[in-house]
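Got chain R sorted already, so can you dock chain P onto it with the hints?
Residue strings, one per chain:
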Amino acid sequence: MFHWLEKNPFAFALGVFITIAFAGLVEIVPNFAESARPLVGTTPYSTLELAGRHVYINNSCNACHSQLIRPFKSETDRYGHYSLSGEYAFDRPFLWGSKRTGPDLLRVGNYRTTDWHEHHMKDPAGVVPGSIMPAYKWMYKNETDIDTAYAEQLTVASFFKTPYTFTKDIGTENARMIPMKDGSTTYIEMGDTLEDAKRLALAEAKLIVADMKDEDVKDAVSKGKIPEIVAIIAYMNSLK
Amino acid sequence: MNKIYLWGVIITVLMLVVTYYTLVITAGDSGKDLSEILSGDIVNLLTVLAAMALVVITVFVVIKYVRQMQVDTADGELVDDSWDDIGEFRNPVPQGWAVIFLATMVWAAWYFTIGYPVNSYSQIGEYNEDTKVLNDKFTKDFADKMQEFSEEEKTEYMINMGESVFLSECKVCHGLSADGIDGKSADLNVWGSAKAIVDTINNGAKGLNYPMGDMPDRNGIMNANKDYAPITDLEIEIVSSYVANGMKGEGSDVFAGACSSCHGLDGKGMGGMSPNLASYGTAEFTVDVLNRGKKGFIGSMPAFNRLNATQKQAVGAYITSLTK
Chain R
52 MFHWLEKNPF
62 AFALGVFITI
72 AFAGLVEIVP
82 NFAESARPLV
92 GTTPYSTLEL
102 AGRHVYINNS
112 CNACHSQLIR
122 PFKSETDRYG
132 HYSLSGEYAF
142 DRPFLWGSKR
152 TGPDLLRVGN
162 YRTTDWHEHH
172 MKDPAGVVPG
182 SIMPAYKWMY
192 KNETDIDTAY
202 AEQLTVASFF
212 KTPYTFTKDI
222 GTENARMIPM
232 KDGSTTYIEM
242 GDTLEDAKRL
252 ALAEAKLIVA
262 DMKDEDVKDA
272 VSKGKIPEIV
282 AIIAYMNSLK
Chain P
94 MNKIYLWGVI
104 ITVLMLVVTY
114 YTLVITAGDS
124 GKDLSEILSG
134 DIVNLLTVLA
144 AMALVVITVF
154 VVIKYVRQMQ
164 VDTADGELVD
174 DSWDDIGEFR
184 NPVPQGWAVI
194 FLATMVWAAW
204 YFTIGYPVNS
214 YSQIGEYNED
224 TKVLNDKFTK
234 DFADKMQEFS
244 EEEKTEYMIN
254 MGESVFLSEC
264 KVCHGLSADG
274 IDGKSADLNV
284 WGSAKAIVDT
294 INNGAKGLNY
304 PMGDMPDRNG
314 IMNANKDYAP
324 ITDLEIEIVS
334 SYVANGMKGE
344 GSDVFAGACS
354 SCHGLDGKGM
364 GGMSPNLASY
374 GTAEFTVDVL
384 NRGKKGFIGS
394 MPAFNRLNAT
404 QKQAVGAYIT
414 SLTK
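Note that the protein sequences, when read in sequence, are chains R and P.
Under the numbering used here, the first residue of the first sequence carries the number 52, and numbering increases by one thereafter.
Under the numbering used here, the first residue of the second sequence carries the number 94, and numbering increases by one thereafter.
Only chain P is shown next, with the shape it has when bound in the complex:
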């Protein structure tokens, strides 16, 4: 018997013994019996078996190659070429590899001409799909809610949505509490009330970019019913309450005399010539401002067409709720 086999058996036995004692010591540490550990959990048993298999396989593989080095002689056909005077055997490519290689080339041709062009991933395509899914979900959720909600819940829902849009889009100029940050922008807590209209009549207004142009301050507003006398403080009070009340109550005569030449008798802005005062203080008016933007006395506000129609309505509902 060759000495190497003897060594193989000795090493195998030695390593198995070491494995056994490692197990015994481990079992002793955990305070359990060895057989209890091995039978209790299949993973432990498998681990031990694998360790033993590793020992045996390692030893026999090593023996195989050592034997090969001891006894093998070179044979095979040498190639014709000699690059540096060291001969090389002719080693043809294994058939399986050659087949896979050719298959790869066929696949590459398919991928180049059909696979990629037809199925190619597009970042923008994924974006468009995502956006569509999210927008559809928003539309559907909203429609569902509007179906099932009572009027009160609808209003509350719109105000809440409006507040969240306000906090992300509007607060940088109008402030967290919508007070206009010390006059840096319009005070939306006042907007929509008679007080704000008094202010507008006193100072004039500009910036919504209607064909009628800017509204003059009080010196430019005359009451046609009183021989074009400049509007008085009392008239301003009356007409402001009238507009803030949704064109109802006392003051229609002053409105007809002083305001209707631009805003129309009904206050609706003469079909888009000037702002629709009949909707002043409502969400519709806010939506109009969001659509047009405003370049007024305080500063300029960009148009917010980045918001969708529902969001604009919601902002309107929120701002309207601030003044009530």
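Isolated chain R, as found in the complex:
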């Protein structure tokens, strides 16, 4: 019946490849497309949070901290609800991590607060006896790179259609409304220009700094500069 195939090995190999590849596509793609969609209530990062994410990556926080809670009681007792794939829809790249030297941080925003992070980053062993985490003192001085964060927002908004809303589009039909768990909708604002983005990030930073104690950091923010510590705290608080 298939003598023709048996006599044409190249065509045979091609046929086998197409058959298996098709089976793979049918099994993998629909499932992947389904689970890669954001959950209801999952919002993209604001400018300052995204900048904080960059600080997180720059300092290789993901080398010691995972962001993936497995469905075991021992994990959910410590870190909260187990991870769902849709929660990572706006993480580019995801920061699951492969090793936990420190605790998981996927939902750290639920059980740590701004003032705690401030103390902790300055002197980890001071609040957690025996902690081997190094102090990140330079974060209190280095200025946050808002330019890159805004560039990333623009890129993902146009390329991946991440639902950011330009300031000028708020209230118009171009606003990208995001469904929330309580049935309402919200939007995540993104500056029209770089200047706008910086203004938005600064407004966000002021809210964070209101809960902080470090006078130098407060001073810097009141002068319009955003130290990295503020950005990374914004990012930590957004992890829920």
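Worth flagging that the hints you see were computed from the coordinates, not collected in a lab.
All the pointers check out, no bait thrown in.
Pairs of lysine-lysine, DSS-like flavour, derived with a Cα cap of 25 Å:
hint, chain 1, residue 1, chain 2, residue 2
1, R, 219, R, 257
2, R, 291, R, 232
3, P, 387, R, 173
4, R, 269, P, 387
5, R, 257, R, 192
6, P, 233, R, 124
7, R, 124, P, 225
8, R, 291, P, 264
9, P, 288, P, 387
10, R, 264, P, 299
11, R, 264, R, 173
12, P, 388, R, 269
13, R, 150, R, 291
14, P, 388, R, 173
15, R, 257, R, 188
16, P, 264, R, 173
17, R, 124, P, 238
18, P, 388, R, 257
19, P, 388, P, 361
20, R, 274, R, 188
21, R, 124, P, 264
22, R, 264, R, 291
23, R, 291, P, 388
24, R, 269, P, 299
25, R, 173, R, 291
26, R, 276, R, 188
27, P, 299, R, 257
28, P, 388, R, 264
29, R, 192, R, 173
30, R, 257, R, 276
31, P, 387, R, 264
32, P, 387, R, 257
33, P, 230, R, 124
34, R, 264, P, 264
35, R, 188, P, 264
36, R, 269, R, 192
37, R, 219, R, 249
38, P, 387, R, 291
Leaving out everything else, chain P in the frame of chain R:
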């Protein structure tokens, strides 16, 4: 007789002899007699027998195939197709294989339509079952203990449980000894005492998010019984002891004048308008803080709804025990 059979016998005898001497040498090393070793342990005997069987079987199998190569001629029906000018015999699939193959297909159809969908393993399902089992066990153990324990043992049990929860959840901010790590958070060794209330009245309080809003500092607290004069140091002392004693003893007049406009005459917070001071210093008050979280002067504390009701009570019992 074919030469190959002769060789077979020679090799068999040779290898059995080698086996025998290996045994003798081994026995000599262990200082025991050969018959003693073989009769003492069935495993040794079986091993020797297996070694001998291996020798014989190997030799005869080899002989069989060598003979086959020497004398066999090709027969059977050739297939019609010729791929590269080398003929092939028609080799039908053995019947047993064909049956198994068809059975596999039937099984696959069953598994695809019924087997997997009905019995499929789910990681989340297992998690839910595990969690339920553990939670039920916790509830049952706790209920049993509360049945059999005396009041004293109950208190001690709650304090111990509270301490273990405190050490995993609370110590990162309040410190191992609950002292608030040099003012980085509330000092729970003082909380619940009159001293802490004096501090609260002097500095005001905020953050529990009750409808009454923030409590003013001492400059904003007036004694209605004395023509709204600002509260005095002495009055603060008196009313603090009064609240810390569970709204008993001296000081009810000051409380009525200065505090009751928000907290109610009985101190119970006017039905959820403000914190219930009648429960100040008890586990109930701690549970309220754990439920609400607090954004106060020192910093903010998240709500701890990850703890179950018993654990919250236990933390309350532990913290209360610190001040006594």
